[in-house]
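Trainee: Which chain is which? The protein sequence lines are A and B, in order.
For the first sequence, position 395 (counting from the first letter as 1) is numbered 395 according to the numbering used here, and the numbering increases by one without interruption.
For the second sequence, position 41 (counting from the first letter as 1) is numbered 1041 according to the numbering used here, and the numbering increases by one without interruption.
Just so you know, not all the hints are guaranteed correct.
Unchecked claim - Which stretches of chain A does chain B cover? Using the computed rule of at least three CB atoms under 8 Å from a CB of chain B, they are:
hint, region
1, 55–64
2, 339–347
Stated by the list, open to error - DSSO-like mimics (lysine-lysine), calculated; alpha carbons at most 27 Å apart, straight line:
hint, chain 1, residue 1, chain 2, residue 2
3, B, K1322, A, K314
4, B, K1314, A, K285
5, B, K1033, A, K204
6, A, K285, B, K1186
7, B, K1033, A, K255
8, B, K1033, B, K1110
9, A, K255, B, K1368
10, B, K1314, A, K322
11, A, K364, B, K1307
12, B, K1368, A, K436
13, A, K314, B, K1204
14, B, K1436, A, K364
15, A, K322, B, K1322
Keep in mind that the hints were calculated from the coordinates and are not lab data.
Note that this is a predicted model, so its numbers are computed, not measured.
Positions of the beta carbon are idealized from the N, C-alpha and C atoms, including for glycine.
Protein chains: 2
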Amino acid sequence: LPDELLTEVLARIKPSIEEERQMKSVAREVIDKIDAAACSAGLDVYAAHVGSTARDTWLKGKKDIDIFLMFPPETTREKLEEDGLRLARAISPRFEERYAEHPYITALYKGLDVDLVPCYHVEDAAHIQSAVDRSPFHNQYVLKRIDGLCDEVRLFKQFTRGAGVYGSELRTQGFSGYLCELLVLKYGSFMGVVEHGAGFRHGKVIDIEGHMDPSIEHPDPLIVIDPVDPKRNVAAALSGQKFCEFVDACRRFLKAPSIDSFFPPPAQPMKRGALEGLLASRGTKLIAITFKTPEIVEDTLYPQLRKAEDSVVKMLERHEFKAYRSDAWSNGSSAIVLEMLVWELPAIERHLGPPLDEREHCEKFMEKYPEAYVMGCRYVVDIPRRYDTAVELIRARLTSCGLGKHVAASAAEKFDLLIDEAALDLGPEFAAFLGKFLHAPER
Amino acid sequence: LPDELLTEVLARIKPSIEEERQMKSVAREVIDKIDAAACSAGLDVYAAHVGSTARDTWLKGKKDIDIFLMFPPETTREKLEEDGLRLARAISPRFEERYAEHPYITALYKGLDVDLVPCYHVEDAAHIQSAVDRSPFHNQYVLKRIDGLCDEVRLFKQFTRGAGVYGSELRTQGFSGYLCELLVLKYGSFMGVVEHGAGFRHGKVIDIEGHMDPSIEHPDPLIVIDPVDPKRNVAAALSGQKFCEFVDACRRFLKAPSIDSFFPPPAQPMKRGALEGLLASRGTKLIAITFKTPEIVEDTLYPQLRKAEDSVVKMLERHEFKAYRSDAWSNGSSAIVLEMLVWELPAIERHLGPPLDEREHCEKFMEKYPEAYVMGCRYVVDIPRRYDTAVELIRARLTSCGLGKHVAASAAEKFDLLIDEAALDLGPEFAAFLGKFLHAPER
């Protein structure tokens, strides 16, 4: 049964011969053009095809291709950027410069996005000048060993996609393509990875080359020592939550293999009646804090959204409210979403004064609050509660919690609080997200 | 002004010459009778008058007197008890045996309760066989030094009474009479103690004889090394709360000396309307858990009541309810009283499953809860909340929290939950206690 299932999955994810041929020919053409341009410009630079399209592990429909421009290690940074740009022009007049931790150029060529990434061609991976210099080594390592396992990698990549754990960028904090390849190399097949993955425990170490540096502690849930760099954990970007979701997905697949594991049915937007009914039966309150999404890259945005979520939850707790769960969502708008367990509180609160030991502070406190009394080792006083509801608190204090620079600026400009079913006003994508967020049974 | 005030206080607390004469003559007569009875029974035992009545530091109206029966240290425990009983009969046919940590006999003699306490007459305080053997040494120590300071001690004792911190028994966890005497010896006067007391910090050490054993750590808020035993903290029974209340009382007295500090107006029972109004304006809910007071001595009862209070508060917290404050009260009935901040919760709760690492446990959990999901490093599931209100929870689970043996037995037999103003049904004393408990402004 799994075999039939995997064949069915593969039919949907394996690029057609047509697509494969086109991808390869584009790569070949780009490389030839770059090399020719470098030669005629008298540059000691050559192009190399790297990434999943070079290793035959990409999934059908991929529209981008990675070509690295290999510069001598003694090239200055300025020259590398300048010459990189000049070579990019050889491919297409339509290109743009982008910056991740390193500048690169994206050129449109025959309908594909060609990422041209200048890097230093160093002797070995121990001498890299920046993270991108490592990619060619990854490429060589995998290329030499992946023969016969490409489809297994494709199955595994699609499986992590279905489980929502594919992608090592900060939005997902999941599995990178290289990590998927290494796991398949380690366990020999898609089923091998899933069978072992179901038993992964927090702190699992995989050291294919047996060369890990024991003096380095990796505080990560999964530690996959980079075969080309013994100091590096390839799975360092994987969060604890995503690690556990992966293990869970493996277990569920082993128990009941299903096409849905690879292609989960798309989340349906929650309907108003369903949301009202769900909230009424749960007895909780939904609060969505919404604001315009700052115009920054996702790797900057998502950490800020998570920070904002965390700050809001902590602020609510400091004021004795309680969130049952929270999450962050982003699209054209962004939202911090809270399902509240306690969102209204009595009219009084306890105001903590100084410890009795601090006599001078105590005197000032007692002057201000003669009705203060001793509790434990400090003075305290009952005062009218400043914010009786979570909504009032957020409305008044959101912009003074730590939200992250760009999120803070956006919220300072304007934010809205959408309560309960009003949250559906954010649109169908958010409505679909809400179904998952609330673990709605019918979705 | 304080001088006049103190004179006024003293007039109310110093025993009359009449009372003093009677106290002394009763002591004399009892000692003579005991000594004669011992002599005629051929016992090597003599009587000694100890305690505040022996040191002229007692407060007007005291109705009991301590006479120690000094036995040779080699006497067996059985013989000490048997002969103690026999000597007691010489005083009065009306006596009863009591047990604290040590047996003693209370005999009624000329309208006074005479506590006859058999003890071992040891060489020095380092050789005592039980705590009572120490009392004669305390008596000698204080008697030798207290001349001229008796009224200062009386003022200070009355002050601690007014502050609610007098008495080292487990009900109060406050200041013993001996501790009051030592503080007056240390600081020379009532005002001296209060002035220093206002500045006491947690961990304050007073070592009059300068002989403390530095190898012993006293984890107490106030450490007063016993002049007759360098290993002992005379203030060991004082709780952190009572220590702070004392410091607070000193500060308030220095700021505004008043007769009320010594004789606070008795708490008035809260009236129904006032309680209703107070709870309505605070928005909190009052829950009194009441049961018959177990027939045990207070030193056993109060720790059990506090344990019960603590267990109930912890149980409420485990179920996500929240008490704003709690206390225990006892009289004919006993009560654990809670002012609740959160006493109703939504219809769902999160049920925590095993960590993902525990694969076998996880399998069982997932069979039971297929809708479980991953949160952090464990499986969790939303289930219908078992107890929607604090009252339901307490009603169902009170008897399974750790209540202390006798309180548990009483609650198992029957307990009631009195909500809000219904708590007044417990009677006027409880109604007066409630005013203090709630820090009611008009009381």
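Trainee: With reference to the structure, classify each hint as holding or not holding.
Mentor: Do the hints match the structure? See the list:
1. 55–64: As far as the region 55–64 of chain A goes, the hint is violated, because 0 residues have Cβ atoms under 8 Å from chain B.
2. 339–347: Holds: 5 residues of the region 339–347 of chain A have a Cβ under 8 Å from chain B.
3. B:K1322 to A:K314: Holds, at roughly 17 Å.
4. B:K1314 to A:K285: 26 Å, holds
5. B:K1033 to A:K204: 84 Å, violated
6. A:K285 to B:K1186: Outside the cut-off at roughly 61 Å; violated.
7. B:K1033 to A:K255: 90 Å, violated
8. B:K1033 to B:K1110: Distance of about 14 Å is within 27 Å: holds.
9. A:K255 to B:K1368: 15 Å, holds
10. B:K1314 to A:K322: 17 Å, holds
11. A:K364 to B:K1307: 35 Å, violated
12. B:K1368 to A:K436: Within the cut-off at roughly 21 Å; holds.
13. A:K314 to B:K1204: Answer violated: K314 of chain A to K1204 of chain B is near 37 Å, above 27 Å.
14. B:K1436 to A:K364: 24 Å, holds
15. A:K322 to B:K1322: 11 Å, holds
Checked against the numbered hints above, the structure breaks hints 1, 5, 6, 7, 11, 13 and satisfies the rest.
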